[in-house]
Every structure is written in C-alpha cells, then in structure tokens.
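Here's the letter readout for the chains.
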Amino acid sequence: MRLDTTYDAAPLLDASEVTVDFTEKRGLFQSPGTVRGVNKASITVARGETLGLVGESGSGKSTLARAIMGLTPITSGRVVFDGKDLARLSNQERRRVRRRMQMVFQNPYSTLDPRMSVGETVAEPMIVHGLGNPKRRREEVAELLQTVGLNADFAGRYPDALSGGQRQRVSLARALASQPELIVADEPISALDVSIQAQIVNLLRRLQRETALSFLFITHDLSIVQNISQRVAVMYFGEVVETGPSRDVCSTPLHPYSAALVSAIPRPNPALEKARTQIVLEGEVPSRVNPPSGCAFHTRCWLKQRMPDASVCSRVVPALRRMGNGRAVACHFAETMTQASEPHAVRAGRMSGSEGNLT
Amino acid sequence: MTGVTTLSQAEKAAPSESSFLRQAMSRFLANTPAVIGALLLLAFVAAGLLAPWIAPYGPNEGGLGDALLPPSVDHLLGTDKQGRDQLSLILYGGRTSLLLAISSVTVALLAGGVLGAVASAFRGTVDAVIMRLVDVWLAIPGMLLALAIVALLGTGLVQITIAVAVTNVPVFARLFRTSLAEVSRSEYIEATRSVGASEMRIFMRHTLPNAVSPLIVAALLAMASAVVQVAGLGFLGLGPADRLVPEWGTMLTNASSYMRVAPLLTVVPCAAIVITAISFNLVGDGLQEAFDPQSAR
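Protein sequences, first through last, are from chains A and B.
Residue numbering for the first sequence follows the numbering used here, beginning at 1 and increasing consecutively.
Residue numbering for the second sequence follows the numbering used here, beginning at 1 and increasing consecutively.
Hints listed in this document are in silico derivations from the structure and should not be mistaken for laboratory results.
Backbone N, C-alpha and C define an ideal beta-carbon position, used for all residues, glycine too.
Incorrect hints may appear among the rest.
[As the list claims (entries may be wrong)] Heads up, incomplete: computed chain B residues facing chain A, CB under 10 Å, no partners named:
(1) M25
(2) S26
(3) A148
(4) L152
(5) T155
(6) S184
(7) E187
(8) Y188
(9) A191
(10) T192
(11) A197
(12) P209
[Stated by the list, open to error] A few chain A residues that don't get close to chain B, going by computed Cβ distances all over 10 Å:
(13) G83
(14) L203
(15) R276
(16) R300
[Claimed, not checked] Taking CB as the label site, the calculated pair distances span:
(17) A/N202 to B/V126: 44 to 52 Å
(18) A/S287 to B/A30: 18 to 26 Å
(19) A/P266 to B/V118: 24 to 32 Å
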C-alpha cells in the first residue's frame with residue numbers, strides 16, 4: 001500500500017514497511033538484545049524526482065538509506081527497485097541492479113580509497129560493471145570530472161591532495177560513472193564548509209535539470225530540502241511521520257514534529273524572521289532500548305500537551321494516513337494542525353526567541 | 001602566477017601526477033635518518049653477500065700462533081683466540097645474522113598474517129579463540145620461548161629461524177587482524193561495496209593494499225629485534241650448531257673471556273649488532289612516515 005505518492009506510474013524506488021533491527025551484544029552470558037533502527041518506514045521515489053529525507057541525528061534516515069542500498073540487512077519489509085524486489089534477486093542480478101542505484105556518502109574524507117587515484121576511483125564502477133574498454137573509460141572519466149566541475153587532469157591526483165569539496169565532487173563523479181537512475185545522497189554536504197555546500201547544491205540542481213536522475217537526498221536541514229526536492233519525507237525515531245510535496249510540508253506541516261523542524265528554519269525576510277516563533281522540543285530522543293509506547297513522539301510532543309484528552313497518543317501507534325494532495329501523516333491529531341491557518345499561529349507549549357535549537 | 005587566484009582556479013589547479021608508492025618513496029628519501037639506516041643496511045647486506053671476495057681471509061683461516069693479535073695492516077681488526085681474522089669474521093658473520101633475522105621475520109610475517117587474516121575473516125568464535133591464543137603467546141617472554149624451542153629442536157639454521165619466527169608470529173597476527181578490521185570498517189570499503197564491486201575485488205584491490213603497510217613497518221622493526229635475539233641466542237651458546245659458521249652473538253661469547261686483553265673483540269661484534277638493529281629501526285620508522293604522513297605530524 002502506497003500512501004504518499006501522487007504519481008500514477010510505478011515509482012522507481014519503492015521501499016515499503018522497511019524495518020532494520022540491530023543486534024547488540026550485551027556480554028558473554030547474556031542473549032543479544034535488538035535495537036530497532038528503522039521501524040516500518042515506507043518511502044517512494046518516482047523517476048526524475050528528488051525526495052528529501054529529513055530528520056535529526058539518530059532518526060534512522062541514514063540507516064534507511066543504507067538498507068535501501070543493501071549495505072545493512074533489513075529485518076522485514078521490501079525494497080523494490082524498478083519493479084524488482086531486491087531481496088529476491090540472485091547475487092549477480094543484485095549487482096546488476098546496483099549499477100542503476102549509486103550512493104554518495106556523508107564524509108568526503110573517508111569515502112575515497114587513499115591508495116587510488118581519482119581516475120581509478122571514478123573508473124571503478126565502470127570496471128566492476130564491465131562498461132567500456134580502458135581507452136573509453138579514460139575518456140569517460142575525463143567527461144565525468146568535467147561534469148562535476150573538476151579538470152580532467154585531476155584523474156592523476158590522490159585524495160590526500162584534494163579539499164573536502166573536491167573529494168565530494170569525485171564521490172559524485174564515481175556515483176555517476178555507472179550511469180545510474182537513482183542516486184542516494186546521504187548528507188552529502190553536511191561535512192563541507194558553508195560556501196562549498198552551496199556549490200555542491202548547485203551542482204546537484206544542475207544534474208537534476210540536465211539529467212533524468214532520481215535522487216534520494218538525506219539531510220537534517222529542512223531549508224535545503226525546500227530548495228532541492230519536490231517531495232519530502234520526515235523521519236522521527238526510525239519512523240516516517242510525514243510525507244508530501246516539499247512546499248506543502250514546509251508551509252503547513254501536518255505533524256507536530258515537522259512543525260518543530262519547520263519553525264527552526266531561519267527566514268531570509270527580516271519581518272518574517274521576527275515573527276517566527278520557534279517550537280523548542282523538550283526532552284531528548286527516547287531510548288532505543290526502551291522505546292515509548294504508542295506514538296514514538298508523544299514524550300516530546302507539544303501538540304499532545306495542548307489536547308484535552310491525549311491518552312490515545314501513549315496507547316496507540318498512529319498509522320501513516322492519507323491527507324489528500326499526496327500528503328500523508330502519522331499523527332492522531334493531524335486535523336488540529338490543518339485547522340490552524342498558518343503553522344506559526346500554532347503556539348507551542350514552550351516558546352523561545354530565535355535562539356535555541358532542535359538538535 | 002600573477003594576479004589574484006580565484007577559488008575556482010585554485011580548485012582546478014594542475015594536479016601532481018605520481019602514484020601513491022612514488023609519493024611514499026619521495027617522502028622516505030627526504031627522511032635523512034631513514035636513508036642513512038637504509039644505506040647502512042645495504043652496506044651490511046652487500047658485505048655479507050660479497051664476503052668471499054672482499055674478506056681478506058676465510059672465516060676459519062688462521063692458527064693459534066696468530067691468536068689475539070692487535071689490529072695491524074695484516075689484520076685490520078686484530079684476530080680472535082683462534083687466530084681468525086676479526087674483520088673477515090664480522091663480514092661472514094653478518095651473513096648468518098642477517099639471514100637468520102630476515103628469514104625468521106619473513107616466516108613470522110607470513111604465518112602471523114595468515115592467522116590474523118583468518119581471525120578477521122571468521123568473526124566470532126574462531127576470532128576469539130585465535131586472539132586469546134595470541135594473548136597467551138604474547139605473554140610468554142620471547143627470548144624464553146626461543147630458548148625453549150631451540151633447546152627442543154636443536155641449533156641448526158632452520159631451527160633457529162623457526163624459534164625466532166615463533167616469538168614474532170603473535171605480533172603480526174594481532175597487528176594484521178586489527179589493521180584488516182580497521183580498513184574493512186572504513187567508509188571507502190562501504191562505498192566500493194555500494195558501487196557493486198565483488199567481495200573478492202574489494203579485498204584484493206582495497207582492503208589488502210591499505211592493510212599491509214603497518215605490517216611492513218612492523219616487519220622492519222621486528223627485524224631489528226630479531227638481530228638482537230639471534231645474537232642473544234648465539235651469546236648463550238645456542239648459535240648455529242656448526243661451529244664453523246661465524247655469527248655475531250657467538251663471536252661475543254668467544255670474546256667475553258678476553259675483554260681485558262683484547263676489548264676490540266667484544267666491541268666490534270657489539271657495534272655490528274647495534275648498528276644493524278638501529279638501521280632496521282630507522283628504516284622502519286622512515287617507512288611508517290612515508291606510508292602514513294599524517295602520523296608523523
């Protein structure tokens with residue numbers, strides 16, 4: 001069952017009810033415990049679409065991405081790429097599908113093999129998937145480097161001679177090398193300087209414009225999502241709590257957690273910035289070992305505190321339900337959110353000025 | 001370059017085209033102590049190899065009439081109690097000492113490397129058993145273990161090699177396991193996996209090349225201690241069983257009773273052992289810095 005797509009055609013990537021458990025060794029004589037990293041998260045990415053996956057650190061967004069890429073085994077659920085259930089493919093078929101989905105990692109300083117030149121690194125996906133011959137690959141590497149804004153003679157360099165931004169460009173060139181259809185970008189800019197971040201975002205936007213690539217763009221920064229993605233999925237504590245078109249989610253969030261995230265975005269317009277009231281969440285992300293009953297967010301929810309009878313929050317896990325306009329939300333009181341004409345009229349239990357932060 | 005270099009120009013600056021190994025080589029050559037160590041080692045190895053041609057006498061030439069002669073034009077470093085030319089003995093003895101040190105460390109490196117690789121490949125019980133074994137192994141003093149093995153097996157060249165190798169195996173096993181584990185956890189291995197590379201390719205092209213350099217450095221450092229260990233065995237009378245095979249440690253034992261009369265007989269083999277050991281150390285440190293420039297800073 002897909003709740004969050006506005007598209008009729010089958011999506012390129014359809015991850016449904018993905019759950020990832022981590023086993024945790026407790027000691028020699030104790031049985032290993034399990035910790036849930038991702039809890040029945042469902043996302044879809046249509047062809048040519050960019051989905052922004054947002055959440056604070058530890059919300060499970062990276063784990064979901066890694067599960068989609070097959071880097072972390074999934075406990076239950078399905079990852080379907082272009083109609084193929086990845087779990088049902090043979091190893092060889094899976095590697096063939098890998099060609100079509102590539103990943104860009106967060107830390108540019110650790111994702112390039114220090115022993116390999118840029119040229120070798122970028123050529124590797126082509127070698128692995130048997131594309132081209134050595135001469136053709138050399139030309140291809142030069143083209144790819146130019147695509148990501150580097151000179152072709154970078155091919156002979158080694159990672160330790162490159163800056164963070166240059167390394168991230170190389171990572172992107174490597175991801176593009178096997179001519180994928182989907183690129184999963186796990187916080188590709190958060191480790192970079194702010195000035196370089198803008199360059200990389202512009203590069204990604206250019207790629208969106210000039211190619212038919214789909215992106216799964218993971219970030220903790222909702223303001224970038226507005227810029228770069230058509231749709232957004234908000235994750236909290238391993239669950240997708242809200243999905244919908246980026247513009248709608250950012251202007252009228254339906255989940256109290258999304259509203260808190262949106263309220264943390266600084267406004268470029270000084271008048272709006274002054275009027276902005278930030279919802280500061282109390283407490284901390286709950287413990288993974290002892291997850292809260294009912295809605296995972298109820299321990300920190302400001303909306304629950306304002307509800308006359310909110311006992312349902314701690315009893316019943318809210319399902320992700322359709323709200324129209326391609327939106328879906330997992331909150332018992334989402335209707336209360338729609339009644340508010342604009343999100344910042346929703347007054348949180350505790351407010352502060354522009355200082356204070358979510359994470 | 002004149003004028004202002006813009007950011008984008010700086011980012012696109014012409015890259016230096018040299019392989020990782022060539023860069024490591026140039027870093028090594030810029031390290032004076034390491035180069036001195038390498039040259040000294042080369043000199044010792046060359047001297048050992050060329051001993052039959054450059055040594056003024058055979059290793060067992062000389063009679064008791066020439067015993068304990070002071071340095072002279074005929075015998076640059078004097079003669080020992082049996083009238084053998086000290087210089088020739090040092091040159092021939094270096095063959096034995098270096099051969100034993102290098103071969104024992106090579107054996108230990110291979111055996112330890114395999115153990116470490118097996119431990120890191122099979123996580124869990126196999127790993128735990130191997131590593132606890134290695135812990136126990138490391139807890140036994142190396143010299144004691146070597147002595148026991150030589151006492152058990154005898155004092156042929158092969159037996160001494162095995163004895164010294166056995167004391168070094170756990171060091172390499174532990175080091176290689178750690179190094180493999182560290183590299184295989186790294187993000188670039190994960191990135192390569194996400195590209196779709198086979199596990200075989202990942203291991204051969206990425207994990208192994210990145211994991212062996214600490215092993216090579218450790219091997220050089222182990223050779224330094226192996227030289228001392230071999231000499232130690234020789235000094236304790238457990239040198240090569242064939243008394244006609246000269247060896248630095250054995251030379252020391254033979255000279256020890258004549259320390260007052262002919263101190264040079266003690267000083268020269270001692271110096272040879274110390275210089276070789278220090279040279280191995282210098283080269284090892286130099287390689288360490290060459291492979292991993294960050295560690296030096």
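Status of the hints after comparison with the structure:
1. M25: At about 14 Å, which exceeds the 10 Å cut-off, the nearest Cβ of chain A leaves the hint on B/M25 violated.
2. S26: 13 Å, violated
3. A148: 33 Å, violated
4. L152: 36 Å, violated
5. T155: Violated, because the Cβ-Cβ distance from B/T155 to chain A comes to roughly 43 Å (cut-off 10 Å).
6. S184: With a closest approach of 12 Å, the B/S184 hint is violated.
7. E187: 4 Å, holds
8. Y188: Cβ of B/Y188 sits 5 Å from chain A, so the hint holds.
9. A191: B/A191 check passes; min Cβ-Cβ to chain A is 5 Å, inside 10 Å.
10. T192: 7 Å, holds
11. A197: Hint on B/A197: holds, closest Cβ of chain A at ~5 Å, below 10 Å.
12. P209: 5 Å, holds
13. G83: A/G83 is indeed farther than 10 Å from all Cβ atoms of chain B, at 19 Å.
14. L203: At roughly 12 Å from the nearest Cβ of chain B, A/L203 sits farther out than 10 Å, so the non-interface label holds.
15. R276: 33 Å, holds
16. R300: Check passes; 31 Å lies beyond 10 Å.
17. A/N202 to B/V126: 44 to 52 Å: 50 Å, holds
18. A/S287 to B/A30: 18 to 26 Å: Since A/S287 and B/A30 have Cβ atoms about 53 Å apart, the given range 18 to 26 Å is violated.
19. A/P266 to B/V118: 24 to 32 Å: 55 Å, violated
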